[in-house]
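K.L.:
Letter by letter, the chains look like this.
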Amino acid sequence: MSQTEIGKPAIILDKVNKWYGPLHVLRDISLTIMEKERVVVCGPSGSGKSTMIRCINRLETHQAGHIYVDGTELTDDTRALDTIRREVGMVFQSFNLFPHLTILENCTLAPIWVRKMPKVQAEELAMTFLERVKIPEQAKKYPGQLSGGQQQRVAIARALCMQPKVMLFDEPTSALDPEMIKEVLDTMIELAGSGMTMVCVTHEMGFARQVAHRVVFMDRGEIVESGEPKQIFENPQTDRLKLFLSQILRGH
Amino acid sequence: MSDIAVDPRLASGRAAPKRALRLSWSDPRFRAIVWQIVILGFIGLVVWYLIHNTSQNLAVRHIATGFGFLDRTAGIPIGEALISYNPAESTYGRALLIGLLNTLKVSVVGIVLATILGTLIGIGRLSKNWLMARLTAFYVETIRDLPLLLQLLFWYTILQTLPAPRNAMSVGGAVYLSNRGLKMPTMDWEFAHTAALLAFAIGAVSTWIWNRQARLRQEATGIRPAVWPMAIGLLLAVPLLIWAVLGAPFQWDIPTLRGFNFQGGSNISPEYFALLLGLVTYTAGYIAEIVRSGIQAVNYGQWEAAGALGLKRGLVLRHIVLPQALRVIIPPMTSQYLNLTKNSSLAIAIGYQDLVSVTNTTLNQTGQAIEGIAVIMAVYLTISLSISLFMNWYNAHIALVER
Amino acid sequence: MSMTTSVAASMPVSSEPRGAPPGAGAVAWLKTNLFATWLSTAVTLALGYVIVRIVVSFVSWAFFNAIWTVPYSPTGIAQTEVCQEIKGIGACWAVITDKYRLILFGRYPYEEQWRPLLVVLIFIGLYIVSAMRRFWRKELALIWIGALTVVGVLMWGGIFGLSEVSDDQWGGLPITLILATFGLAFGFPLAVLVALGRRSTQLPAVKMVCVVYVELIRGVPLISVLFMASVMFPLFMPAGVNIDKLLRAQIAVILFAAAYLAEVVRGGLQALPRGQSEAAEALGLSYWKKTAFITLPQALRLVIPPLVNTFIGFFKDTSLVLIIGLFDLLTMGKVALSDPPWQAFSTEVYITLGLIYIAFCYSMSRYSRKLEREFNASRQR
Numbered sequence: 001m002s003q004t005e006i007g008k009p010a011i012i013l014d015k016v017n018k019w020y021g022p023l024h025v026l027r028d029i030s031l032t033i034m035e036k037e038r039v040v041v042c043g044p045s046g047s048g049k050s051t052m053i054r055c056i057n058r059l060e061t062h063q064a065g066h067i068y069v070d071g072t073e074l075t076d077d078t079r080a081l082d083t084i085r086r087e088v089g090m091v092f093q094s095f096n097l098f099p100h101l102t103i104l105e106n107c108t109l110a111p112i113w114v115r116k117m118p119k120v121q122a123e124e125l126a127m128t129f130l131e132r133v134k135i136p137e138q139a140k141k142y143p144g145q146l147s148g149g150q151q152q153r154v155a156i157a158r159a160l161c162m163q164p165k166v167m168l169f170d171e172p173t174s175a176l177d178p179e180m181i182k183e184v185l186d187t188m189i190e191l192a193g194s195g196m197t198m199v200c201v202t203h204e205m206g207f208a209r210q211v212a213h214r215v216v217f218m219d220r221g222e223i224v225e226s227g228e229p230k231q232i233f234e235n236p237q238t239d240r241l242k243l244f245l246s247q248i249l250r251g252h
Numbered sequence: 001m002s003d004i005a006v007d008p009r010l011a012s013g014r015a016a017p018k019r020a021l022r023l024s025w026s027d028p029r030f031r032a033i034v035w036q037i038v039i040l041g042f043i044g045l046v047v048w049y050l051i052h053n054t055s056q057n058l059a060v061r062h063i064a065t066g067f068g069f070l071d072r073t074a075g076i077p078i079g080e081a082l083i084s085y086n087p088a089e090s091t092y093g094r095a096l097l098i099g100l101l102n103t104l105k106v107s108v109v110g111i112v113l114a115t116i117l118g119t120l121i122g123i124g125r126l127s128k129n130w131l132m133a134r135l136t137a138f139y140v141e142t143i144r145d146l147p148l149l150l151q152l153l154f155w156y157t158i159l160q161t162l163p164a165p166r167n168a169m170s171v172g173g174a175v176y177l178s179n180r181g182l183k184m185p186t187m188d189w190e191f192a193h194t195a196a197l198l199a200f201a202i203g204a205v206s207t208w209i210w211n212r213q214a215r216l217r218q219e220a221t222g223i224r225p226a227v228w229p230m231a232i233g234l235l236l237a238v239p240l241l242i243w244a245v246l247g248a249p250f251q252w253d254i255p256t257l258r259g260f261n262f263q264g265g266s267n268i269s270p271e272y273f274a275l276l277l278g279l280v281t282y283t284a285g286y287i288a289e290i291v292r293s294g295i296q297a298v299n300y301g302q303w304e305a306a307g308a309l310g311l312k313r314g315l316v317l318r319h320i321v322l323p324q325a326l327r328v329i330i331p332p333m334t335s336q337y338l339n340l341t342k343n344s345s346l347a348i349a350i351g352y353q354d355l356v357s358v359t360n361t362t363l364n365q366t367g368q369a370i371e372g373i374a375v376i377m378a379v380y381l382t383i384s385l386s387i388s389l390f391m392n393w394y395n396a397h398i399a400l401v402e403r
Numbered sequence: 001m002s003m004t005t006s007v008a009a010s011m012p013v014s015s016e017p018r019g020a021p022p023g024a025g026a027v028a029w030l031k032t033n034l035f036a037t038w039l040s041t042a043v044t045l046a047l048g049y050v051i052v053r054i055v056v057s058f059v060s061w062a063f064f065n066a067i068w069t070v071p072y073s074p075t076g077i078a079q080t081e082v083c084q085e086i087k088g089i090g091a092c093w094a095v096i097t098d099k100y101r102l103i104l105f106g107r108y109p110y111e112e113q114w115r116p117l118l119v120v121l122i123f124i125g126l127y128i129v130s131a132m133r134r135f136w137r138k139e140l141a142l143i144w145i146g147a148l149t150v151v152g153v154l155m156w157g158g159i160f161g162l163s164e165v166s167d168d169q170w171g172g173l174p175i176t177l178i179l180a181t182f183g184l185a186f187g188f189p190l191a192v193l194v195a196l197g198r199r200s201t202q203l204p205a206v207k208m209v210c211v212v213y214v215e216l217i218r219g220v221p222l223i224s225v226l227f228m229a230s231v232m233f234p235l236f237m238p239a240g241v242n243i244d245k246l247l248r249a250q251i252a253v254i255l256f257a258a259a260y261l262a263e264v265v266r267g268g269l270q271a272l273p274r275g276q277s278e279a280a281e282a283l284g285l286s287y288w289k290k291t292a293f294i295t296l297p298q299a300l301r302l303v304i305p306p307l308v309n310t311f312i313g314f315f316k317d318t319s320l321v322l323i324i325g326l327f328d329l330l331t332m333g334k335v336a337l338s339d340p341p342w343q344a345f346s347t348e349v350y351i352t353l354g355l356i357y358i359a360f361c362y363s364m365s366r367y368s369r370k371l372e373r374e375f376n377a378s379r380q381r
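Protein chains in written order, with the working numbering: chain A, 1 to 252; chain B, 1 to 403; chain C, 1 to 381.
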C-alpha cells in the first residue's frame, strides 16, 4: 500500500479518559490519525478499543481530554456533533441494518434526510456503492433475506453513501461465519485502495498486514505499543503484546 | 442461480402416490379416526345429557324458550340512553340495543383515553428523570395489583361524596359538578356550524393532499416545503372564517338549577364517569408497560446506526424506531382494548346500564336465562373475533420479510 | 510515517486508575438524574411539590388525625358521631377494628374462626413452598393435594371433632384464596390437555374442540361465565340434584382459568426448539412419553413467569363473585359497610382491602420478575 499520500490530521485524540462508574476504561489515550491513513486497533477483550472508536463519533462520551475530528472539537454542542457524524461513517459488528426497509432504502435514508438529496440522485448514488460492494441485484430485498456477509457489505455501502471522510469499523467480521469473512475483507481492502481514511478494530491480522499503515495495540484501557504492521507482528517490544500475539496467532 | 430452463422439480409430470387406509389398529390414521370418533361421541353424549336435563327443568318451571321475548314491552327503567327509549312502549329488543350502545359508548371513549394516558405514562417510564421514572413505575405497579372492581367501587364512592346539586361546584357558572353528574352546556347547532364542520373536513383532506405533494417535492429536489402553515390555514382559519361570515351564531343551552336537579345542557352521569375513570386508569397501566417494552424492544444498535449516519433524534424516532416499535406494540395493545371492552361489563356493580346489566334485568324478569346469556356471549364474541381478525391481518401485513 | 513504538511501552505500567472519575457521589447522582436539563429540573420541582403535598395530607389524614376506636352504646351499637365529625380530616379506622373479623372471615361462627385463619396461613405457606426452587419436584404435587385436602377438612369440619360449618357461612379472605387456588390446581391440568390438543396435528376434531373452547371463553367477559355458572348450571342438573353456589362459582373459575392458562402453556410449547421433540422421537419415545419427559417439563419451566402473572389476574378476578352473591373479601367489605353506623366510611375499608390485595399481588409479581431475570441471565452466555 502506498505510504506517500498521508495528509493533515483527520482525527486527534488528546489524553482522552473515560470511566464506567469506578472502572477507568480509557486511560490517557493520545492518538493522531492523518488523512488517508489506515490504522488497525487490536487488543484483548476489555482493552477499550471499541470504546475508543465509539468515542470518535460520540456513541460513547469521554469525560476528560479532547477529541478533534476534521478540525472540529467533539463536545456536547449538537451542531458540532451533526457536522462530525456526517463526515464519519461507522460499520458495526452486528450490522444494524434497518429490517423494515429495503436494502436500497437503507442506503438512501440518510442522504435524503440529512444531506437533503433528491430521491433519484440518492438512489443512483446508492446503486453505485452497492455495485462497488458487489451486490447491486439485492437492492429491492430486505435485510432478513440476506446472508451475514451480504448484510455487512450493505452496511459498508450504507455508510459510504454519506460520502464520509473517515470510516470506522468496529469488529466488522467478528459476527460472521468463516466462509463470509473473506468477502467483507475484500470489500474493505478495495475501499482502502481508493484512499479512504480508515480506523479498524479487528482481529484479522492478515488484513492488518496487507492494508494498515499503522497497528495500535491496546490493553486495559491504554495504548501499549504502536507501529508499522511488520514491526508489531515480527518484533513486539512489550510482554503484553507478545502474549496477545501468541494467543491469537496460535494455530494460524 | 437457476438457468432459463424450468426447474425439473416443478414440472416432472408425476404426482405423489396416495396411500390406502388400512382398517387395522397399527395404521396411525385409522387409530386417529377411531379416537376422534370416540372423543366426539363422548362430548356429544354429555351435551345431549345436559340439553335433556335443561329442557325438562325448563318445562317444570314453565319457562318459555326462544327469542320471542325480544318483542315484548320491557318496562325496564334505563337511566341513560343514546337513542329514544320509553319504558312503557319500548321492547326488550330495544332495551338490549340501548345497553349495547352504552357499552360501546364507554368502551370507545375509554380506549381512546387509555391509549393517550398509557402512552404518556409508558414514555414517562423511560424518562431520564429519576423521579418521573419511579413515579410512573409506582403507578403501574399499584394499578396492576388492585382488582378492577375495587377500583371502580372506590371511584364511585369518591364521586358520591360530591355535593348535592344545590351546592354543586361550578366552573364559570356554566359547568356544574355534583353527585348527580357533570352537567355541561350544549351549543345550539346551527347551519353555520355544519358549514364550518364541512370546511374543516375539506381542509383535512386538502392538508393530506398537500402533505403528499410536499413528499413528492422532496423526492424530486431534496427540499421539503413546510406543511404546517397551510395546515393551520385550512384546518383553523377557513372554518372560523366561514362561521363568522354566516353570522357567528353562538347560543348555549346552560344548565340551570330547578328543584333538585339541573335542567338543560348535557349530562355525564356519575356511573358513567366512575366506570370511565376506573377503566381508563386501569388499562392505561397495562398499556404503559406495552409501550415501554415496545420501545425498548427496538435494538439499541438501531439507534446507534441511525445516529452514526447523522440522523437527528426526531427523524430516527419517526423512520427507524417507531415503525419497529409499533410492530411489537400493536398486538398486545389490541388485546388490551378487548380487555377494556370486556371489563366494561363490571358496570353492573355500580349501576351503569350496559349490555350485561340490561340483559341481567331482562333474564330476571322473563326467566329466560339461557337466551339472555347467549345474547351477551354472542355480542362479546363478535367483538373479540373482529378484533382477532384485524390482528391477524395486521400481523401478516407488516411482518418483517425474512428468508 | 513514524517507525517508533509508543513511549508508553517503555514506561512502567501502573495499574491504578489515574485520578478519580469526575463527580462521583450523591451530588453527581442528583445532577444527572434529577437536574440534567431545564425540562428535567422543572419536572422534578413540579412532581416533587405535588408528591410532598399529597403525602403530607395523606399521612395527617391516615395517622395523625385518625380515630382508631369508638365507644359503644349499652346495646352494642357503635357510636360513630365522633368519626363523622372529623370526616375528611381524619380517617376512621374504627370501622376496621370493629369489623375486621367480618371482613376477613365472613359469617363463619365466631369461636371457630381459628379454622379459616389456619386455612389462610396454609395457603400462604403453600404459595411460598411452591415458589422455592428446591421444591420443584414431583413431590410438589403431593404437597398441593395434601394442603388442599387439609383446607377442605378445616373449612367443612364434621370429622376429627370439628363442628360442621356449611359453605354458605364461609366468606372473606378464605373464599378468595380457595377460588383462586383451586381454580389454578384444577385448571392447570385441564389447560395442559387443552394446549396439547390444540397443537395436535393428528386429531383435527380434537384440535377444533380445543380451539372453540379457548376462543369462546377468552372472548367473553368473566362475568358472563359466572352468570352462566350461577344461572345455567342448576338447569343442567337432573331434577332434584342441587349444586351449591360456591361449587358453581368454583367450576366457572376453573373453566375460565384453564382457557387462559392453556394459551400460556401453548406459548411455551411453541417456543421450544423443534430439535428437542425430534431427538426424543429419534430415540423411540412414544407421543405421551415424549410429552411427559421432554417437551412439557421444558416448556413449563419456560413459561413460569407468565403463569404467575396469569394467576395474579385470577386472584384479582375472584372479586367478581360479588356480582353473583358469593362472599369473598371484597363482598364482605361491602357487607361491613351496609351496617348503618359505618356507612360513610367506605374509603377506609377500601384502602384496607386494597392493602391486602397489594400484599398478595405485589409479592407474586416481584417473584415473577425475579424469575424472569434469572431465566434471562442463565440464557445469556
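Honestly, the hints are just simulated from the structure, not real lab data.
Possibly wrong hints are sitting among the right ones.
[To be verified] Listed next, the in silico DSSO-like pairs over lysine-lysine satisfying Cα-Cα at most 30 Å (straight line):
(1) A:134 to A:15
(2) A:182 to A:116
(3) B:128 to C:207
(4) A:15 to B:312
(5) C:207 to C:290
(6) B:18 to C:370
(7) C:290 to B:128
(8) A:15 to A:242
(9) A:119 to B:312
[To be verified] Take a look, some chain A residues computed to stay more than 12 Å from chain B by CB distance:
(10) 45
(11) 114
(12) 131
[What the hints assert, rightly or not] Stretch by stretch, here's where chain B covers chain A in the computed footprint (C-beta under 8 Å, at least three residues):
(13) 86-94
(14) 107-113
(15) 116-128
These figures come from a predicted structure and were not determined experimentally.
Cβ atoms here follow ideal geometry from the backbone N, Cα and C, with glycine treated the same way.
K.L.:
Each hint: holds or not?
P.N.:
For each hint, the structure was consulted:
Proposed proximity of residue 134 (chain A) and residue 15 (chain A) is contradicted: the alpha carbons are some 40 Å apart, above 30 Å. Taking the CA atoms of residue 182 (chain A) and residue 116 (chain A), the gap is about 35 Å. The hint is violated against a cut of 30 Å. The suggested pairing of residue 128 (chain B) with residue 207 (chain C) is violated, with an alpha-carbon distance near 48 Å, which exceeds 30 Å. Between the alpha carbons of residue 15 (chain A) and residue 312 (chain B) the distance comes to roughly 29 Å, so the proposed pair stays at or under 30 Å and holds.
This hinted pair checks out: residue 207 (chain C) and residue 290 (chain C) have alpha carbons roughly 19 Å apart, not beyond 30 Å. In summary, the hint linking residue 18 (chain B) to residue 370 (chain C) is not supported, as the alpha carbons are separated by about 54 Å, beyond the 30 Å threshold. Distance check on the hinted pair: residue 290 (chain C) and residue 128 (chain B) sit about 49 Å apart at the alpha-carbon level, beyond 30 Å; violated. Restraint check: the Cα-Cα separation between residue 15 (chain A) and residue 242 (chain A) comes to about 25 Å, which is no more than 30 Å; the hinted pair holds.
Of the pairs offered as hints, the one joining residue 119 (chain A) and residue 312 (chain B) holds, with about 19 Å between alpha carbons and a cut-off of 30 Å not exceeded. Here residue 45 (chain A) stays apart from chain B, with its beta-carbon at least about 18 Å from theirs, past the 12 Å limit. Not every beta carbon of chain B lies more than 12 Å from that of residue 114 (chain A), the smallest distance being close to 4 Å; the non-interface claim is violated. For residue 131 (chain A), the non-interface assignment is confirmed: its Cβ lies about 18 Å from the closest Cβ of chain B, beyond the 12 Å cut-off.
Counting residues of the region 86-94 of chain A whose beta carbon lies closer than 8 Å to any beta carbon of chain B gives 6, which reaches the threshold of three, so the coverage claim holds. Counting residues of the region 107-113 of chain A whose CB falls under 8 Å from any CB of chain B gives 4; the rule of at least 3 is met. Evaluation of the coverage hint for the region 116-128 of chain A: fulfilled, as 6 residues show C-beta separations to chain B shorter than 8 Å, against a requirement of three.
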